[in-house]
Amino acid sequence: MKKIKPIKLSSYKTNTSEKLTSAEMGKLWATYMGNSMASFILKYFLQHVDDKHIKTLLENALQLSEEFMKTIKGIFEKDGFPIPKGFTEEDVNLGAPRLFLDEFYVHYLKYASKAGLSIYSIAIPLVFREDVKEFFRHCMDSTMDLMEQIKEILMHKGLISKPPLIPVPEKVEFVHKDFLNGYLGNKRPLHAMEITHLYDNIENNVTSKALIMAFAQVAKDEKIRKLFERGKDLTTNNIENYKQKLHDEDLPSPPYLDDLITNTTFSPFSDKLMLFHKMDMFSIKVRSFGNSVAVNGRHDIGMVYLKAIMKNSYFVENAARIMIEKGWFEQPPAAADRDKLS
Numbered sequence: 097m098k099k100i101k102p103i104k105l106s107s108y109k110t111n112t113s114e115k116l117t118s119a120e121m122g123k124l125w126a127t128y129m130g131n132s133m134a135s136f137i138l139k140y141f142l143q144h145v146d147d148k149h150i151k152t153l154l155e156n157a158l159q160l161s162e163e164f165m166k167t168i169k170g171i172f173e174k175d176g177f178p179i180p181k182g183f184t185e186e187d188v189n190l191g192a193p194r195l196f197l198d199e200f201y202v203h204y205l206k207y208a209s210k211a212g213l214s215i216y217s218i219a220i221p222l223v224f225r226e227d228v229k230e231f232f233r234h235c236m237d238s239t240m241d242l243m244e245q246i247k248e249i250l251m252h253k254g255l256i257s258k259p260p261l262i263p264v265p266e267k268v269e270f271v272h273k274d275f276l277n278g279y280l281g282n283k284r285p286l287h288a289m290e291i292t293h294l295y296d297n298i299e300n301n302v303t304s305k306a307l308i309m310a311f312a313q314v315a316k317d318e319k320i321r322k323l324f325e326r327g328k329d330l331t332t333n334n335i336e337n338y339k340q341k342l343h344d345e346d347l348p349s350p351p352y353l354d355d356l357i358t359n360t361t362f363s364p365f366s367d368k369l370m371l372f373h374k375m376d377m378f379s380i381k382v383r384s385f386g387n388s389v390a391v392n393g394r395h396d397i398g399m400v401y402l403k404a405i406m407k408n409s410y411f412v413e414n415a416a417r418i419m420i421e422k423g424w425f426e427q428p429p430a431a432a433d434r435d436k437l438s
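In this text, residue positions in the sequence shown follow this note's numbering: the first is 97, and each later residue adds one.
Simulated from the structure, these hints should not be mistaken for laboratory data.
Take the hints with a grain of salt, since some may be wrong.
[To be verified] DMTMM-like cross-link-like pairs, simulated, lysine to aspartate or glutamate; straight-line CA separation at most 25 Å: (1) K210 - D175; (2) K210 - D147; (3) K210 - D198; (4) K258 - E290; (5) K407 - D329; (6) K283 - E345; (7) K267 - E290; (8) K436 - E421; (9) K322 - D355; (10) K368 - E325; (11) K368 - E185; (12) K104 - E226; (13) K436 - E426.
[Unchecked claim] Computed Cβ-Cβ distance ranges for the label pairs, DEER-style: (14) T361 - D147: 24 to 30 Å; (15) I179 - A288: 41 to 47 Å; (16) G254 - H287: 37 to 43 Å; (17) S118 - I179: 17 to 23 Å; (18) E185 - K422: 17 to 23 Å; (19) D175 - R434: 19 to 25 Å; (20) S214 - A432: 25 to 31 Å; (21) D354 - K283: 27 to 33 Å; (22) I179 - S113: 16 to 22 Å; (23) I179 - I220: 21 to 27 Å; (24) L402 - W424: 29 to 35 Å; (25) P178 - N282: 58 to 64 Å; (26) S214 - L437: 21 to 27 Å; (27) K115 - R434: 15 to 21 Å.
Glycine is no exception: its CB is placed at the ideal position from the N, C-alpha and C atoms.
All chains, please: the whole structure from these sequences, using the hints.
Structure representation (structure tokens):
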């Protein structure tokens, strides 16, 4: 495969002595926080894993997570930027009983890797400083390599099915006026991008549902536990709506993962870590639903996504309120408050 032709302009090149921009600060901060949380989750997973291939996968993921944090810490220290507190050994109990079966770890890593790739792909066009650019390029490349290992294990062990097959078009065609129908009139079959996003959202949400079900099972704070239970019901409703759209077209959908959770009620994680994790996951869902709306054509599917965006946003707000109430919500980098300066 040929590489693109180089373009030679001036000798100007961003250097590492330039100040970090808001985009660079924000994306580095978010990447640090996410990997701070992930590192302790992975350390716990490694306490309870039997399959040697899945163990190696977890070790690779943990190595990347710790490497990413170390690099960000170095950039922040050079710029006098305070290192986020994130999460510590107090947020995990490595001696807690097994909460998940080995297979769940692979599905979880696929979900987490998708979230990471989303962050890095948005960051790359927005960052300019050389060390930050190189870092996010490395994050993207490393996470893509990890994703290939994840998919290889899922396929080799028969833990996942590929997205549905559809016929190859016989010729180029242009759509008719009923293309947008969904409630009234002729309803056309789903097109490839609609199927892709329905499948992807089901795959993400069955992992999310199993995780929040486990968190509800072990959460100590009653208010947080009830929020998790509402989140589980909301996620189940989302999954069933997406599955029905595929089943209406006689297309298969990914199965639930609920049976990969054990019956322990002893929590391996702090309520703070679990609440942050679900707030983050539901935020990523909102972004994913927005992407799905963007490539959708049918009114009925668009409405399903718009309702999901509103309900999932409400969950994120409720989770954020509890985080703030508990004093757990770390302040992201922000613009100057000019009113207080005058």
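Verification of the hints:
With a CA separation close to 29 Å, the supplied pair K210 and D175 exceeds the 25 Å bound. Proximity of K210 to D147 is assessed by CA-CA distance (about 23 Å); at most 25 Å being required, the pair is judged to hold. This hinted pair checks out: K210 and D198 have alpha carbons roughly 19 Å apart, not beyond 25 Å. With a CA separation close to 15 Å, the supplied pair K258 and E290 stays within the 25 Å bound.
At most 25 Å may separate the alpha-carbon atoms for a hinted pair to count; K407 and D329 meet this at roughly 11 Å. Taking the CA atoms of K283 and E345, the gap is near 11 Å; set against the 25 Å cutoff, the hint holds. In summary, the hint linking K267 to E290 is supported, as the alpha carbons are separated by about 20 Å, within the 25 Å threshold. Only pairs whose Cα atoms come within 25 Å are accepted, and K436 paired with E421 is accepted, the gap being roughly 24 Å.
Proposed proximity of K322 and D355 is supported: the alpha carbons are some 21 Å apart, at most 25 Å. Among the hinted pairs, K368 with E325 is consistent with the structure: their alpha-carbon atoms are about 16 Å apart, no more than 25 Å. Between K368 and E185, the direct Cα distance comes to roughly 12 Å. Compliance with the 25 Å bound is thereby established for this hinted pair. Between the alpha carbons of K104 and E226 the distance comes to roughly 17 Å, so the proposed pair stays at or under 25 Å and holds.
Among the hinted pairs, K436 with E426 is consistent with the structure: their alpha-carbon atoms are about 21 Å apart, no more than 25 Å. Between T361 and D147 the Cβ separation comes to about 25 Å, which falls inside the hinted range of 24 to 30 Å. Take I179 and A288: their Cβ atoms lie about 45 Å apart, and the range 41 to 47 Å holds. Separated by about 29 Å at the C-beta atoms, G254 and H287 break the suggested range of 37 to 43 Å.
For the pair S118 and I179, the beta carbons lie near 18 Å from each other, so the given range of 17 to 23 Å is met. Checked against the hint of 17 to 23 Å, the C-beta distance between E185 and K422 comes to roughly 19 Å, which is consistent with it. Taking the beta carbon of each, D175 and R434 are about 23 Å apart, inside 19 to 25 Å as hinted. In this structure the supplied range 25 to 31 Å holds for S214 paired with A432, their Cβ-Cβ distance being about 29 Å.
In this structure the hint that D354 and K283 lie 27 to 33 Å apart at CB holds, the actual value being about 32 Å. Against the hinted window of 16 to 22 Å, the Cβ-Cβ separation of I179 and S113 comes to about 20 Å, which satisfies the hint. Separation of I179 from I220 is about 23 Å and conforms to the stated range, judged on CB atoms against 21 to 27 Å. Separation of L402 from W424 is about 30 Å and conforms to the stated range, judged on CB atoms against 29 to 35 Å.
Remark: the range hint 58 to 64 Å for P178 to N282 is upheld by a beta-carbon distance near 59 Å. At about 35 Å, the CB distance of S214 to L437 disagrees with the hint of 21 to 27 Å. In this structure the hint that K115 and R434 lie 15 to 21 Å apart at CB holds, the actual value being about 19 Å.
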